[in-house]
Amino acid sequence: MDRIARELGIDPLRFRLRNAYRDGDMKAHRKIAEGTALIEVMQKAADLVGHELPDEYRTMSSLEGR
Amino acid sequence: MARLRGRGYAAVNYPTGMNLGGDPSQALIHATTTGTFVISLSSVDLGQGLKTVVAQCAAETLGLPIENVLVDTADTDTGPHCMGTFASRGTHRVGNAVIMAAAEARAIMLDVAAEELEVDAVDLETDGTGYVQVKGAAEKRIHITDLALAAHFTHGRTISGRGVFMKDKSEVVPETGEMDPDSCQAHACTVAEVEVDDETGVVEVLRMYSVYEIGRALNPAMATQQVEGGAWMGLSHALFETTEPYYPARDHGPVDFSEYLMPGAGDVPQQRSVLLERPADSGPFGAKGIGEMTANSPIPAIANAIFDACGVRLEHMPFTPERVLRGLDALRS
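In order, the protein sequences belong to chains A and B. 197 is the number of the first residue of the first sequence in the numbering used here; add one for each residue after it. 4 is the number of the first residue of the second sequence in the numbering used here; add one for each residue after it.
Hints are all accurate, no fakes.
Label-pair distances were calculated between CB atoms; the ranges are:
(1) GLY139/B / LYS223/A: 48 to 56 Å
(2) GLU280/B / ASP251/A: 18 to 26 Å
(3) MET4/B / THR255/A: 40 to 48 Å
(4) GLY87/B / MET222/A: 26 to 34 Å
(5) ASP78/B / ARG202/A: 49 to 57 Å
(6) MET320/B / ASP243/A: 28 to 36 Å
(7) ASP78/B / ILE228/A: 34 to 42 Å
(8) ASP251/A / ARG253/B: 52 to 60 Å
(9) THR255/A / ILE69/B: 39 to 47 Å
(10) PRO250/A / PRO177/B: 38 to 46 Å
(11) THR35/B / LEU259/A: 43 to 51 Å
(12) MET197/A / ASP80/B: 42 to 50 Å
(13) ILE228/A / HIS255/B: 51 to 59 Å
Interface residues of chain B toward chain A, partial, derived using beta-carbon atoms under 7 Å:
(14) ALA14
(15) ASN16
(16) GLU181
(17) ASP183
(18) HIS190
Hints listed in this document are in silico derivations from the structure and should not be mistaken for laboratory results. Yeah, the Cβ is synthetic: ideal placement off N, Cα and C, and Gly gets one too.
Starting from the given sequences, assemble the full structure and let the hints guide the process.
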């Protein structure tokens, strides 16, 4: 993830947030994702270290499908 | 010659349980004559705190103090079946089995109390301190010790229960790969801050931040210990665990596991750990498993921090001084 993000010139944490799976996504083994929280743990980690995130990343939610 | 600082991120999800072959665990519970509820299991607590957490699950379900619960486990000759302690399944599987067993025992406990108090069992409740009492008339009550004695010597009954958690075998569809291999997923993000000495190649982890979403944290203090202890293991995988730390000189290399290099107290970074909760429908009181995942995300976080610090992208663990220096040489050439 880090290598792709840097290749594209995107902040590695924002790149992960953009691509994080959410409730309703279908996983590789065709199971519908539920109870996801990958976005939320990254948002909280950003808070802990003072990593700036624009509002569009702050307001992302695992509960809302893309 | 400089000490270069960098920060790296890693985010992971991790499955609870692994049931491609079916994944059961069972629990039995019974009250002694004096009202101690013995939970019989063969599940192994290897330091992760399973005995504490399942005792909590039983106490909560029975409505009794945790002091009234005794966990007797890990003898596979005598205990009910448990598939084992792996796949971060213990709290989830065994917790569910214990809740089911305790619920059955609670119903019998209230039945016996109803006979003793000459009321209907549906009008009874537990007060959490050891009494069963009549709803709205708390003075009409009986202590669990008197209740258990009465069950044994007056009513000739056991106060007991059986529990099982069983997730059916998931058949994989060969054409599509479709399967249902797990019960839920926990999530984590680790941030590592490192300092790389570009003269010696030594990497020091200065700080580590961990955010875990683990369903309901049944015991937040123990869950945090798991997160921080697991981070230590991840740090050890990432930076230390090799039989050749001084390659090519072998003179001071470890010859067995007692000399194997692992981080000491001085190598442990400052850690800040936060738990988020999104309870899982399938979990005991909503808990997910976080056993093995805690050693995972620190490793890529440290690798990414090393890259951020000095531009060296390391792909083989551990990230020894030699590998860092070879990477720096490659960048310069």
